[in-house]
Every structure is written in C-alpha cells, then in structure tokens.
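Take these sequences, add in the hints, and give me the full structure.
Residue numbers (this note's numbering), protein chains in the order written: chain A, 871 to 1308; chain B, 12 to 332.
Hints are not guaranteed to be accurate.
[As the list claims (entries may be wrong)] Calculated pairs, EDC-like style, for lysine to aspartate or glutamate (alpha carbon to alpha carbon, straight line, at most 20 Å):
no. : chain 1 : residue 1 : chain 2 : residue 2
1   : A       : Lys1196   : B       : Glu101
2   : B       : Lys19     : B       : Glu33
3   : A       : Lys1085   : B       : Glu212
4   : B       : Lys19     : A       : Glu1151
5   : B       : Lys193    : B       : Asp230
6   : B       : Lys171    : B       : Glu101
7   : B       : Lys269    : B       : Glu240
8   : A       : Lys1052   : A       : Asp1064
9   : A       : Lys1196   : B       : Asp105
10  : B       : Lys269    : B       : Asp230
11  : A       : Lys1085   : B       : Glu67
12  : A       : Lys1085   : B       : Glu25
13  : A       : Lys1196   : A       : Asp1273
14  : B       : Lys193    : B       : Glu33
15  : B       : Lys193    : B       : Asp37
16  : A       : Lys1085   : B       : Glu240
17  : B       : Lys171    : B       : Asp224
[To be verified] Only some residues are given here: those of chain B computed to face chain A with a beta carbon under 10 Å:
no. : residue
18  : Val104
19  : Ser133
20  : Ile211
[Stated by the list, open to error] Non-contacting residues of chain A with respect to chain B, defined by C-beta distances greater than 10 Å in every case (computed):
no. : residue
21  : Gly897
22  : Val926
23  : Gln984
24  : Gln995
25  : Gly998
26  : Thr1046
27  : Asp1064
28  : Arg1118
29  : Glu1170
30  : Asp1194
31  : Arg1198
32  : Leu1226
33  : Thr1265
34  : Arg1271
35  : Gly1307
These are computed hints drawn from the structure, not numbers from a lab. For each residue, glycine too, the CB sits at the ideal point set by N, CA and C.
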Amino acid sequence: MSGILIRGGQVIDPSRGGAVADAAANGVADVYLLDGRVEAVGRNLGGASGIAGAMVVDATGQVVCPGLIDVHVHLREPGQEDLETVASGSMAAAAGGFTAVCAMPNTDPVCDNQGVVGFIKAQAQRAGKARVYPIGAISLGQRGQQLAEFGELVGAGAVAVSDDGKPVVSSHLMRTALEYAKTFGIPVADHCEDPTLSAGGVMHEGLVATRLGLKGIPAAAEEIMVARDILLAELTGGHVHLCHMSTRGSVELIRRAKERGIRVTAEATPHHFSLTDLACEGYDTNAKMNPPLREAEDREAIRQALRDGTIDVIATDHAPHHYDAKEREFDDAPNGIIGLETALGLAVTELVESGLLTLPELVKRMSTLPARVFGLPGGTLAPGAPADVTVFDPTAQWTVRPDESFSKSRNTPFAGRELTGRATLTIVRGQVVYQRGD
Amino acid sequence: MTSAALGKDLIGLEHLTPAQLELILDTAEPFKEVSERPIKKVPALRGKTIVNLFFEPSTRTRISFEFAEKRLSADTVNVSPQGSSVSKGETLVDTARNLEAMRIDMVVIRHGASGAAQFLGSRIRSNVINAGDGKHEHPTQALLDMLTLRDHFGRLAGLKVAICGDILHSRVARSNIWGLLKLGAQVGVCGPATLLPRNIEALGVAVLPRIEDAIQWADALNVLRLQLERMQTGFIPSLREYNRVFGVTSERLARAPKDLLILHPGPMNRGVEIDSDVADGPHSVILPQVTNGVAVRMAVLYLLAGGAPDWAQAAGRGEDH
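Following this line, the structure appears as structure tokens:
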C-alpha cells in the first residue's frame, strides 16, 4: 500500500517531550504515513528522491500535527437530519481540520442504547470523513430518572456518557453515574446548569440583558452545578468532565479542585473565549446559546484558564439549527451555533495571535488532551499511532462565509469575521478526507 | 418610508437623541388641541394605512393608538393573534411580509417578546412603532409620562422622578429611564430587590431601597403596576406584604417634604401598589397621562410618516378640514 509523505512542515506533536512538544519534534520535518499508521517522523525522509510510491504533500510554511479532536458536537442524526447528518457533520469536521468528533446523545431517539450507538457509528463509517465517537446518555431518554445501561453503551462503542443539553438535576443520579462509570473507565460529561435559577433565561444575566429587557441566566446557575459535580467527583473518585465552561467562578472552582487532585476535566468553546454578551445586541439570535455568552471578565478568565491548563480542552459544542428556527423572536429561538469550521481559526486568532497560547499549546488543547481526556486513539504522531493528521496554515487569512460551510446549517455569529489560521489538509486513517481547494 | 426627524422606526428611547425627544414632545403640544375640537380630525395621514398588530392583550394603548391614527385621518386595521394566522402557527416575519404585501405604510406592534419590534422593523419597509415589547421598551408610554411631567413642572431638567414597583419586568421603566435621563432629569428606582434588575445602577439611576426613601427624595412618583401574574414565581411573599412595605399610601405621602406628583401607567391594582385615595387624589395626574397619550402618539405617527417638525403647517391644514 502506498503511503503519504508530508514534507517540510512544522511538525507539532505535544504528546512527545513533556507538557509541550520537544524542540526537535517542533522543527521542520517530514511525516510518513503508511497502512493507516504513522510510519515515521523525521528530517528529509527518503532523501531527495522521497519514498517510492508515496503521495507527496508539500507542507512548507504549514503546521503538521496530530488530527484535531472535538469532544463535543451535535450531529442531529437520528431524528433531525434536516439540520445535520452524521455525514454532513463529519464533512464539516474534516473541513475544519478535525479528524475525530464525539457526538452528544440528544438525538431523537436519544442515544441511550446500543442500537443508536451502532447506527451512528455505521453512518460515520459510510460517510468516511471523520471518526465519530458516540457519547451515550447518562439517563434513559435524558429524562434524569434512571441510569442508562453504560455497559451496553460502552460495549457498542460509546466513549463517555452525558445528558448534554439537559443538566443532571438529581445529585443522586449524578453520584451514581460517576460511581458506575468508573467500572468502564469513561468520563461523565455534564452540562452544568441549575434549572431553577436559569428558568426562562435566554442570555447572560447582566447589564446587557437589563438593557435589552431579556431574562438573564446568572453565572451562579452554572457555578452551583460545577461545585456540586466537583464535590461528587471527590466523593466517588469518578471522572467528571465539565462541558462548555463559561464563567470566571467556574474556572476558579475547577482550579481549586485540580489543586486538590480531584478527577475533573473541563472544556471551553471558541465562542466563549471569543465573544461576550454584547453579541446579543440587536437581538441577534445567532448569539443565543446555552450557556450564554458572558461578560468580558468571564471571557478573560476562560482564556487564562486555557493558558494555564485549568481548562483542558477546546470543544466546539457544534449545534446546528435551521435558519427559520433562528429567524424569529430572541425568546423563542433555539440555543446554539455551528462551530466545526471556525474553531481552529478562532483559536489561532484569539489565543495564538494574542500571545496567550503557542501553537504547540493550541494543538495540545485541540488534539492531545481531547484524546487523553476521553481515552481516544490519536492525539499523537508517535510511530505506530493512527494516521490521523491535520495540516493547517497558521497564517492564512480568511473570511467566515456561512454559505460555504459543509454543515447543513448556517447559524453562526461569526459571519463576515476575518480570521487567521485554517486547515488545508485532513487525513483520517491514512486517507485524505479533505484538502482545501479540491 | 424614512422620516428625517426620527428615522424609520420608533423602537425605543435608548437610541434617540435629546433633540429627537424634545421634538416629539414639542410636536405633541399642538396635537393636544386637536382632541379638544368638535371635529377631532386633521388630514395629516390621509391615505396612509396603519396596522395595529397587538399580540398581547391591551386596551388603553391600542385604543390610544387607534384614536391617534383616526384623528390624523389614517386608515387603520386591527389585528390580534386570536383568529389570525398567528394562531395557526404563522411566524412573526411571515405575518409582517403578508402585511407588507398589502402595501401598508405603518405597523404599531405590541408583543410579548423583547426585541420583537426591532425584529419586525429590520425586516419590513413600513414604519414600525413599538407599543411595548416584552420587558424591553414602551416608548410612547414614557413619552406621555414625560409630557405630563413637563406640563406640570414646566421642565424636565433637574426633576427627580422615582419609578416604583416591578422594575425587573417593566418595559415602561426602561423607556422612562432612558428618556428622562437624556432630558436632564434624575431617576430613582424603588422596589423589592427581587424586582430590581442586577446592575440597574449602571444605567445611571439611583437605587432607593424603601418607598419612604423614594418619597423623601422625589418630585414625582411613577408608580408601576405590580404584575400579579409574576407572584406565582415567588418574587414577593404576598400582595398584602407588598402593600405594607411598598404601597404608595396617603399616610406615607403625608410625611413627604413636599407634594409629590403621582403618575401611574395603568392598569392600577388599587390597594396593592397604590391606594385609591392617592390614585384619585389632588396630586394624581393619571387621567391627564391618558389624554396626553393620544397627543404623543399622534406626534410620533406624524413625524415617522415624514411630517415636518414644524407642526404649524399641519395644524393649518387641520383648520381647513
């Protein structure tokens, strides 16, 4: 079988050489992929003539890194295929530089049994664009009453459990989920929200909400549940993964929990580190999301938490919605935005260009640690690792044009935004699944 | 259609300039006289079609707008969600497009969702006037309050106006705050902490924790309706307690350092936020507010329709009618 030789790129592999990639691996090098595995990484592989039979990709001036992994997307299939399918979502992932995504279970029917897990995996395999790892529901039907059968879910291929989209209100259920999930070595990913505090809220509770006359969701609605989950993780020794953190208070709670050695990991989204509640001005429903966009101090806390590692990973919370659903009164519009194709550009623009993160640190938060936190293959270019590779141009200037998205939906507040950094080549299992310009 | 004086729509007072606010109030003055005539009609909007689109129940605001429109000789249609396509699930934007296709000129909209008026205004060519959107703004109510205050005190600059009651859920409060502050008045808000939005002081208002504080501080009290429907969600313990702690009563007013002007946008809950002897007392301007409402709405309709700021010309045409 012929391989792929990626030549002359800046190879970044944070999985080797400690917290961030070692100096040698960060230099310009070649990467040779063969038979679905990383065969070799080194300088001038094969000499001037290259490797016989290998497809050669010139990556001069570009970053070559382990494939990006998004641990939090909504693919809407089964049930809402008009918004997104596993195929369209995984194509959007590939175009955004993601080689793997974890699909949340709030489909219809809910992904709370092996049938749905198997269906999603089969659809992903058929599409052949990105690895799709289903996340099973914590509770049957996401109703918050009875634990789903984690053993069956994991057996069918689920990599975590979550009731995302709905908070786990019952502390008892959350406790048992954390305890039971230990048996299978999977994280319990929680959507942290106290619904008695957030009820009726449509944006962050703050001055902007006061001016717009919209009901707010206080930061405490998230922080109360973050605190609870941390206490339950400490009680049970289970691994809690906190989804889409949005407030400085949450960051502070996680920081202290990690100092105490509690098994907590966390994610932040590109929109929460890029935008504030000011984006809701003019009642722009593309800025309506849950958790809501917060204040400048919260955004800064999230950015600092990504810098110092309090927040482990960047995840998109890619949430496709139909144009008509967003084209209505703010109170009635659904929450969420698409994010797979803008995540890398926002991360480079907002975090790297501002000096908060180096490129290796960025790759760590978008590939190495997502793989580690969710126990997934990938996240490394070590020889023998899966040949999942992302090549991106960290200096590419481009404009977000929703009409060009591979997603079936267009709901983004970043339309027209100028970004720096864009994926040019995405390889999954040694196969090119996306090449910009094709 | 775009009015040079006000722009296309009147969504709220937050984004109007002091000069635009003064213009509306000044334009309303001569319109008051129209309502005193035996034939209460001028031809200023003759040939214009106006749709009153009321998605929420409203009596006084809708009737006030309708009188204003008719006294300006406009053709009016009233639409309510009951019995319309809205009850069949039609979206706001589809409703608007259909109305637009019927070649209307203006829409007056009352809607339960904040931002609905702005949403509509950005999607249709007709002028849109916000007659109250969710908890956002109710600009013509604030304008009529301001006109009433100006009538009584002769000025707004330097006045101290305390808005009392459920500020959190009130669109009237927000419009009053923007309008009064822009024209130089001081604004205080008074109510239970559960009914005051967080960061309200950042809008430039004083927070008066107790009704006694408001009474000591203010020249005028604008008493808001306690929205009884909110009480189910536990913002206050009971109506009885509210009256005891925050009710505007004659006993409390008797301890004021001066006579306070009493305003209320209505409808009133007598014996809850305001006692009857205050509402009907000598310092109440609650009914003059209603009268001024028609004049203010005539002014807004007239200006948005492209009417000249110089009202004398239009008034002259009125005499010919």
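Exercise for the section: Determine which of the earlier numbered hints do not hold for this structure and return their numbers in increasing order. Expected result: 6, 7, 8, 30, 31
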